[in-house]
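Novice: Here is how the chains run, residue by residue.
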Amino acid sequence: MASTEPRISAEHDDAAHLARVEATWTDAPGLWGWLTTVDHKRIGKRYIATALTFFLLAGLEALAMRVQLARPQNGFLGPDKYNQFFTMHGTTMMFLFAVPVMTAWGLYLVPQMIGTRNLAFPRLNAYGYWVYLIGACFIYVMFLLNTGTDVGWFAYVPLAGPQFSPGKRVDVWAQMVTFTEIAALIGAVELIVTIFKQRAPGMSLNRMPLYVWSMLVVAFMIVFAMPAVAVASTFLLAMDRLVGTQFFNPAEGGDPLLWQHMFWFFGHPEVYIIFIPGLGFVSSIIATFSRRPVFGYVAMVLALIATAFVGFGLWVHHMFATPIPQLGQSFFTAASTMIAIPSGVQIFCWIATLWLGKPVFRTPLLYALGFIVIFVIGGLTGVMIASVPFDLQVHDTYFIVAHFHYVLIGGAVFPLLGAITYWFPKVTGRLASERLGKVAFWMIFTGMHVTFFPMHFLGLMGMTRRVYTYPTSVGWGGLNLLSTTGAFIIAGGVMVFLANLATSWRRGLPAGADPWGADTLEWGIASPPPPWNHALIPIVQGRAGLWSRTADAPVVTGLDEGRREVLVTTLMDAEPDNRQESPGPTIIPLLVALATGFMLILLVFTFQAVWIGAIPLGLALFAWAWPRHPEDAWTGHREAAP
Amino acid sequence: MTPERRASVDVSGLPDITFGHRNLVWWGTTAFMAIEGTTLAMCAATYLYLRRNFGALPPERVAVPGLTAANAEVGLMLLSFVPIVLLRKAAQRKELNAVRILLLVATVFGAAFAVLRWFELMALHVRWDANAYGSSAWLVLIVHGTLLVAEVGELLVFSLIGWTGRWEEKHFPDACDLGFYWFFMVLSWLPLYAMVFLLPRVM
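Heads up: the sequence lines are chains A and B, in that order.
Going by our numbering, the first sequence opens with residue 1, and the numbers climb by one from there.
Going by our numbering, the second sequence opens with residue 1, and the numbers climb by one from there.
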């Protein structure tokens, strides 16, 4: 009878082992391999590239808006185009860029960082990406056909309802939400299960890298936040528009405020879903470039979890201008102020890390420091607008626009650019230019303040958001021109950033496995990483990963090399528990995604799509589940592997 | 760093078929139950939030929902725990014959729930587009109904796999998880049933 306990052995033949692993885990070459891959790194890379493409599109939309606002009574974009542009900008940044790019980095990095070969459900991961791509392309195709949504990224009813927004613009937006929610929820499930059950032996929960903690916390937030917007947009808003339900129609007992509650119950945690991964990036970067582990590990983890919990109790602060009972206002003011505590704990821990370490000011660290500066400014204005009387004065003005751009660019974009710079050598095997990297950083950092700091004053002067123009007499022209100038400085910085990546990808110096001398496990793999990640699953000896690894560190052997297999470990202590087959490449996730896309897109136009679309979707799902290897059929006599 | 010879932990003796929380699919199922549970909670919140806009529940000129189909469904659901518990036990003992028979029994139960759900919709005595009360009652029944339909679809596929000689050892944990999901599907319905069918009778 086979033992169920891991055995300690003393020898291992690395070269022959590697050849067998390579044969098992390598994808088919060419386009077919590209379409059928279930490698989390290949999917992660295309996810990141797609999200960054939408980041650039949203940036171009922002530039167009800034050109329109650069001087009074400008005619660059008319009111209808302007409405479409600001809606597409916000929608793209939040739904098509920020959440996908953060999830995508997690899907790319986490398996390498925790020492496993692939995500828990590789085919589902491929499906999630394809669904996201189809939904994102759908809303942009409709935008090009002059059916761009024009009701703002939070699509308030009654404006977004059937009475005030006839046509299909809002329906397209609502269905885009469905696509992206499916993708985000799949990403969250992948991350939770992989982090819980596939950590390398020895990586107990209290040894997990802070970045992995941040992705675990975010994944749980996605699970509990995203269903609210899925219900609100797919079932309530879309059905009010498509089949005449009355959820938001006050004449029949409906309630427009229901939309605001449902949307912001998702929308506020969404902000943390975007920036908590950024906190993970910053922790990784600061540890590496301070040459020491992050100060206050336990406090940092508790702060992440506290942020997530409190983040679910803030949504009503987006609704202070609606009739909320005074007790409710007080509660949400208190909660909104309280979120500063875990944020502050983390900021002080990072400062202590830098203080106690020997900081090396490479480009990724500049982005981490830039994050601290910008995010603290955004956080301070956040505390200001947590106060109801102040919020009522600046509600829907450019003060709010300034605040949330400080929070989101500071909290998400700066850590992201830092992360791209930091992991670029891992992804490509090449080092990027430090000089160009620093030029890009300073341009983006300067441009950010030139663009958004004046908006605080514009808001206090009374300029409301989403106005497509303003008269000369109000005196907003100068500050708006300054803001537009800043936007072009940011755009220039982004161009330099991308040019640096493009040239370095082709001509950069070889990076080697660990150019930064970092601690987390992915730096123990070749750059770029092979399809199987770690040739031998490492056994983790301490919280500091590679820094605490001894020269004779033990490894895992005995995983089946003839089939794709992952080691499953226990939840708390990551002790080896069992081995499970990891599905290989297949075209089926793409087919199921196409069938999903067909049904959801048709549903924008007719409710009959539910029946029509169910046929191809059902067939595709059947193909997914159907076993294709009759020789593997159960005979009832098979014993466990010896 | 991969030195040619060093200490290692050999995991080749560990099992490759496991049940419950040792299995990755169980965790995936649990995570999706959390998502669907939250979705159902949001539907219930919608129903209760909109209820405040009506002086009475159901609103004037709308009859209270009929109970026959709903009660029958709840009764059948509770009864279905018997074959589902047996299914889970048979799957854990890897008894293919018992498993595929019980999968068929479960499919019949699931199909009965889906048919009864249609009669429940009719028993609401209000259309989805009549008023917000009707919209939210239909919402709750339809969204939970998608769980029923998905489960029946999955049971059909697994029954087919079981009866066409393509059943693999790894399908036993899957069958066990189908039973696990069944508990969620039934237990999540009970408070929703009370809210939609019983609450209007007492308020």
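Hint data in this document are derived by calculation from the structure and do not stem from the laboratory.
Watch out, some of these pointers could steer you wrong.
Just a few of them, taken from the derived set where beta-carbon distance is under 7 angstroms, the chain B residues facing chain A [what the hints assert, rightly or not]:
#1 10
#2 60
#3 62
#4 63
#5 139
#6 166
Taking CB as the label site, the calculated pair distances span [what the hints assert, rightly or not]:
#7 206(A) <-> 119(B): 51 to 61 angstroms
#8 380(A) <-> 111(B): 58 to 68 angstroms
#9 622(A) <-> 191(B): 41 to 51 angstroms
#10 127(B) <-> 31(A): 23 to 33 angstroms
#11 322(A) <-> 191(B): 23 to 33 angstroms
#12 160(B) <-> 396(A): 38 to 48 angstroms
#13 206(A) <-> 56(B): 35 to 45 angstroms
#14 187(B) <-> 19(A): 30 to 40 angstroms
#15 322(A) <-> 127(B): 56 to 66 angstroms
Think of the CB as a built atom: it goes at the ideal place given N, C-alpha and C, for glycine as much as any other residue.
Novice: Against this structure, judge whether each hint is valid.
Specialist: Going down the list of hints, with the structure as the test:
1. A cut of 7 angstroms between beta carbons decides the hint on residue 10(B): the least distance to chain A is about 4 angstroms, and the hint holds.
2. Because the beta carbon of residue 60(B) sits about 11 angstroms from the nearest beta carbon in chain A, more than 7 angstroms, this interface hint is broken.
3. Taking 7 angstroms as the C-beta cut-off, the interface hint given for residue 62(B) is violated, the closest approach to chain A being about 11 angstroms.
4. At its closest, the beta carbon of residue 63(B) sits 16 angstroms from a beta carbon of chain A; the interface hint therefore is violated under the 7 angstroms criterion.
5. Below 7 angstroms, beta-carbon pairs count as interface contacts, and residue 139(B) has one with chain A at about 6 angstroms; its hint therefore holds.
6. Annotation: residue 166(B) was flagged as interfacial toward chain A, and the flag holds, the nearest CB pair being 5 angstroms apart, inside 7 angstroms.
7. Checked against the hint of 51 to 61 angstroms, the pair residue 206(A) and residue 119(B) passes, with Cβ atoms roughly 53 angstroms apart.
8. For residue 380(A) paired with residue 111(B), a C-beta distance near 59 angstroms keeps the hint of 58 to 68 angstroms intact.
9. Restraint check, residue 622(A) to residue 191(B): a C-beta distance of roughly 33 angstroms breaks the suggested window 41 to 51 angstroms.
10. Range check, residue 127(B) to residue 31(A): about 50 angstroms between beta-carbon atoms, so the 23 to 33 angstroms window is missed.
11. Against the hinted window of 23 to 33 angstroms, the Cβ-Cβ separation of residue 322(A) and residue 191(B) comes to about 29 angstroms, which satisfies the hint.
12. The hint said 38 to 48 angstroms for the Cβ distance between residue 160(B) and residue 396(A), and at roughly 56 angstroms that hint is violated.
13. The hinted window of 35 to 45 angstroms between residue 206(A) and residue 56(B) is violated, with their beta carbons roughly 55 angstroms apart.
14. Distance hint check for residue 187(B) and residue 19(A): the Cβ-Cβ separation is about 51 angstroms, which falls outside the suggested range of 30 to 40 angstroms.
15. Residue 322(A) and residue 127(B) have their C-beta atoms about 30 angstroms apart, which leaves the hinted 56 to 66 angstroms range violated.
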